[in-house]
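Engineer: Sequences are here, hints too, so could you generate the full structure?
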Amino acid sequence: MLAAALIAVPVVAQQEKPAEKPKESRTAYLRRIFEKDRASYGDACRAVLSVLKNEHSDADFAAISGDLAGRGVVRADWGLQETSLLTKGTLAYMVFQALELKGGVTMRLFGINRRYALRECVQRRLMASGTVDEYVTGRELIDVITNAAIHKEQGHTDSQYK
Amino acid sequence: MRLMLSVLVLAAAAGLAGSQEPKREDFEATLVEVKGTVDVKRPEDKDWVAAARNMKLKKGSEICTSVSSTAGLLFTGNVKIDVKPLTQAKVEDLAKLGNTLNVDLKLKFGSIEVDIQKGDLNSDMKVSAPNSTTSVSGSHGIVRAPATEGGCRVTLRTTTGTWRHDASQVERAIFGEDVADNHGNQLRDLRALADSHDFIDFFGRNQDELYQGRFAGKAADSDPWDVPFFDYANNSPTAPRVKRASTLPLPPGTP
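Protein chains in written order, with our numbering: chain A, 81 to 242; chain B, 7 to 261.
No lab work stands behind these hints: they were computed from the structure.
Accuracy of the hints is not assured; some may be wrong.
[Stated by the list, open to error] Here are the simulated lysine-lysine pairs, BS3-like style, with alpha carbons at most 27 Å apart:
{"hint": "1", "chain 1": "A", "residue 1": "Lys116", "chain 2": "B", "residue 2": "Lys124"}
{"hint": "2", "chain 1": "B", "residue 1": "Lys47", "chain 2": "A", "residue 2": "Lys133"}
{"hint": "3", "chain 1": "B", "residue 1": "Lys90", "chain 2": "A", "residue 2": "Lys116"}
{"hint": "4", "chain 1": "B", "residue 1": "Lys112", "chain 2": "B", "residue 2": "Lys86"}
{"hint": "5", "chain 1": "A", "residue 1": "Lys116", "chain 2": "B", "residue 2": "Lys114"}
{"hint": "6", "chain 1": "A", "residue 1": "Lys116", "chain 2": "B", "residue 2": "Lys52"}
{"hint": "7", "chain 1": "B", "residue 1": "Lys86", "chain 2": "B", "residue 2": "Lys41"}
{"hint": "8", "chain 1": "A", "residue 1": "Lys133", "chain 2": "B", "residue 2": "Lys114"}
{"hint": "9", "chain 1": "A", "residue 1": "Lys116", "chain 2": "B", "residue 2": "Lys47"}
{"hint": "10", "chain 1": "A", "residue 1": "Lys133", "chain 2": "B", "residue 2": "Lys41"}
{"hint": "11", "chain 1": "A", "residue 1": "Lys232", "chain 2": "B", "residue 2": "Lys41"}
{"hint": "12", "chain 1": "B", "residue 1": "Lys112", "chain 2": "B", "residue 2": "Lys52"}
{"hint": "13", "chain 1": "A", "residue 1": "Lys232", "chain 2": "B", "residue 2": "Lys124"}
{"hint": "14", "chain 1": "A", "residue 1": "Lys116", "chain 2": "B", "residue 2": "Lys29"}
{"hint": "15", "chain 1": "B", "residue 1": "Lys29", "chain 2": "B", "residue 2": "Lys41"}
{"hint": "16", "chain 1": "B", "residue 1": "Lys112", "chain 2": "B", "residue 2": "Lys124"}
{"hint": "17", "chain 1": "A", "residue 1": "Lys133", "chain 2": "B", "residue 2": "Lys90"}
{"hint": "18", "chain 1": "A", "residue 1": "Lys232", "chain 2": "B", "residue 2": "Lys114"}
Structural biologist: Here it is as structure tokens:
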């Protein structure tokens, strides 16, 4: 009886311990995003920060989102989690802020919002057209990040369409 | 006896014919340049590993670059490929057949820049994207495969060599006579099949310029807008008459 209890205790302790999520490193996230039907907010945060810093970032979500919030790229009042599905409006807002784009008169007067950010990103050919609440696929996210990186380097995305 | 002799002669002829075929030798590409975060997966690797300079990549190897990261792959002294940022590509085939180097690259997403100069080895390079294939020989250009569209865009940086680009969904064909380089020379050796998202460009000409290539001769024309669309707008009885800039009176005081 005692022996059975001694054996059972560590087994229970092992079961209660939450399984640690393996840390994804280097380019693995890109290949994972490519296969996803719906990109997540966490994917976008990592990718946008990498474009901002011109280097790949392996930090965890809390550190990445904190860094982006500090730079004004994301807003804390969104209340989005790492696994939240990414919408085109949110991605456009992040890209718009990350690239420090200047909007039109309305945006300068009333400030940036997701709807106008999306229009601006579409006009600059950073993103394909769509609606603010439309979900972003993994492949779309890769294309947007590629375009954003080119835009940051060259000031436009013309070379992507030649 | 006669039958045996003929069989022997045939066998000898077959042996000779077989020996004339170029021998296939496996070849390896060398990573000559690695910048930023670049991972490779060779056939012997269980998982992706960090790329390093002078690493050898053979048939079946894959390469993936992250943001602001590039890799340079040297096949021979005259065949080089630059893997651009945010790209995943696989070396489907890499072999030397006699005097020819066969390279088959599968581009999953991203872009690569191909530079093939004249050298001792002939090169037969094929770049496959999800819906298209581009064969390259002796030239310099960029092949892009956007992740979403499934198509491919090709930008040539030279007029020499032959690029053949075939898309699986074809709506319009672009042939050599449709395009010219910046010096007005018609490009030869071009066979391109393109649809809405497969597009070939020369020297940075955009799609509109390419499609209006038939009006290229109008460049030196004093009235370059004399094209059917504008003619219709101007000659239509219902359309308002547009006064052209060339016929506007000069402001007073203009020399």
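Engineer: Hint numbers the structure violates, sorted upward?
Structural biologist: The structure breaks hints 1, 13, 14, 15; every other hint is satisfied.
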